[in-house]
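> Sequence:
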Amino acid sequence: MSRIGKQPISIPKGIDVSLNSTVLSFKKGNITQELDTKGFVNVELKDGSIVFSPKGEDRQSRAFWGTYRSLAHNIVVGLTDGFSKKLEVNGVGYRAAVKGNVLELNLGFSHSINYKLPEGVAASIEKNIITISGYNKQNVGQVAAEVREFRPPEPYKGKGIKYVDERIIRKAGKTSKK
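To convert, take the position in the sequence shown, counting from 1, and add 982; that gives the numbering used here.
Since the hints were derived computationally from the structure, they do not count as laboratory data.
The beta carbon of each residue, even a glycine, is placed where N, CA and C say it ideally should be.
Please note that the accuracy of each hint is not assured.
Dumping the calculated DSS-like pairs for lysine-lysine here, alpha-carbon to alpha-carbon at most 30 Å [what the hints assert, rightly or not]:
#	residue 1	residue 2
1	Lys1037	Lys1068
2	Lys1139	Lys1067
3	Lys1109	Lys995
Restraint ranges, calculated between C-beta atoms of paired labels, are given here [as the list claims (entries may be wrong)]:
#	residue 1	residue 2	range
4	Gly1123	Arg985	19 to 25 Å
5	Tyr1138	Asn1012	32 to 38 Å
6	Ser1000	Ser1035	16 to 22 Å
7	Glu1016	Arg1077	37 to 43 Å
Please construct the entire structure, taking both the sequences and the accompanying hints into account.
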C-alpha cells in the first residue's frame, strides 16, 4: 500500500481543477498545467480535494499510485508557492548576469555562455548567488542542473558553480619534495 498515495490533496482557493477522462488540468490565472495519468490510477474530485486510488491490484498500478499523487501535489504547490533553486558561483572573474530571458555566464572560458531560460522559469542574481525559480519543479531542477554543468565545482580550490546547500569534499594539493 502506498502511504503517499492514500493522502488526499486539498485544492487551495484560486486554483481550478478539472478532470477529463485521464487528464487532470490545473489552472491559476493564465497558467495551465496538465497531468496525464495514462489510466494507471483512478482520480476523483471530492469536495475540494483530489483523491487517487490504484486502478487494480497489479504491481504497476500500485507503483504509479504514489507517483501520480506526488506529481499532482507538486503542481498544486508550484502554482501556489512556486519552486526555487539557488546556485553559488565561486571563482576569480566568474560572473553571472540576466538580460531578459537569457542568463549570461562568464566562467573563465574564452567566450561567455548565453543560456536561454525556458518559458515559466526565471532567474535573478544577487552578488554571486543565482536564484532560479518557477512553477514547474521539474523544469526548475533541470535548468539548475544544466547551469551547474557549465562549470561544476572542482575539488582543489572549489571554483565553479554549486548548489548553495551542496558540500564539496576538498582534496589536498600535491606536496613538493625537498
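> Hint by hint, which ones does this structure get wrong, listed from lowest number up?
Failing hints, ascending: 1, 3, 5.
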